[in-house]
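K.L.:
Sequence:
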Amino acid sequence: VLGFMHRSPEAIVRNFDLFWAGRDWSWEAIRWIGVAMVGSLFSSDAWNNVTFAGEEVKNPHRNLPLALGLGVGIVSALYLLCNLAYLRLLPLEAIQAAPADRVGTAAVAVVLGPVAVQLMAIAIMISTFGCINGMILAGARVYYAMARDGLFFRRVAEIDPRWRTPAVSLKLQCAWACLLVLSGTYSDLLDYVIFAVLLFYILTIAGVFVLRYRRPQLPRPYRAIGYPVVPAIYLIAAILVDSILLVYKPNYTWPGLLIVLLGVPIYYLWRKKGLATG
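Heads up, the sequence shown is in our numbering, so the first residue is 1 and it goes up one at a time.
Just so you know, these hints were derived from the structure itself, not from any lab.
A hint or two may mislead.
With beta-carbon atoms standing in for the labels, derived distance ranges [what the hints assert, rightly or not]:
1. Ala-36 <-> Cys-178: 27 to 33 Å
2. Val-117 <-> Asn-63: 26 to 32 Å
3. Ala-36 <-> Leu-182: 23 to 29 Å
4. Ile-236 <-> Asp-160: 43 to 49 Å
Computed from a prediction, not measured in an experiment: that's the story for all the values here.
Idealized CB from N, CA, C, for every residue including glycine.
Start from the sequences and build out the full structure, keeping to the hints where you can.
P.N.:
In structure tokens form, the structure reads like this:
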């Protein structure tokens, strides 16, 4: 709101006068775009977490697509408006040199002065706590469902008798999160998380093509809008970004790849054990 109530004439000229100017494309440019996508992809991630609780949603055929569409649309609009506000307040050089990469704080400081640091810190804390709360509850639901289906330790499926929550699953998730926090820097974790998340998105979208080919008779209550063009474009873009991260951000992407690949033999061993027990 502040970004549209106020503006910097210098920022307007510097950022928008050459907005449509042509640029030469090269592999180097594509590479840096791929690396830079990590932050934006992370900020947009968790859009699908509502599906983790799909079993508990009333009328999921209608409400899940509605929740996903509204959530993605609202968040995307907010992000675009925020960035437009930054471009109205800060010239490109100020955005690039923002202290500790806090572009939002630098933009608000143009309007409110030094008090912006405290105000933005409070706003970010409130937003972070709300986001973490939803992600903790949704994430634990996955481990609980896996354990209930015989694909993870059975104890993880236990429900707390008092609070009726998957307590063991929540504790396990907390322990893993603490381990990740201690394993590297925030930037390293972004590379690790986004690379691994994109792998699963690639597998999911590829699964749409496989099921359409192998089982065309299955009922499909959820539509794949723009199939096959839109899913194919997504697959190409996601594979490109992951390939760039593998080459230019290897410290955390390769361990992430190994952890994901390790899940394949573990899945089959667990499945075999479950069938033998059954």
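K.L.:
If a hint holds in the structure, say so; if it doesn't, say that too.
P.N.:
Results of checking the hints against the structure:
Restraint check, Ala-36 to Cys-178: a C-beta distance of roughly 29 Å satisfies the suggested window 27 to 33 Å. Take Val-117 and Asn-63: their Cβ atoms lie about 40 Å apart, and the range 26 to 32 Å is violated. With their beta carbons about 27 Å apart, Ala-36 and Leu-182 fall inside the hinted range of 23 to 29 Å. Between Ile-236 and Asp-160 the beta carbons are some 45 Å apart, a value that agrees with the proposed interval 43 to 49 Å.
In this structure, the one hint that does not hold is number 2.
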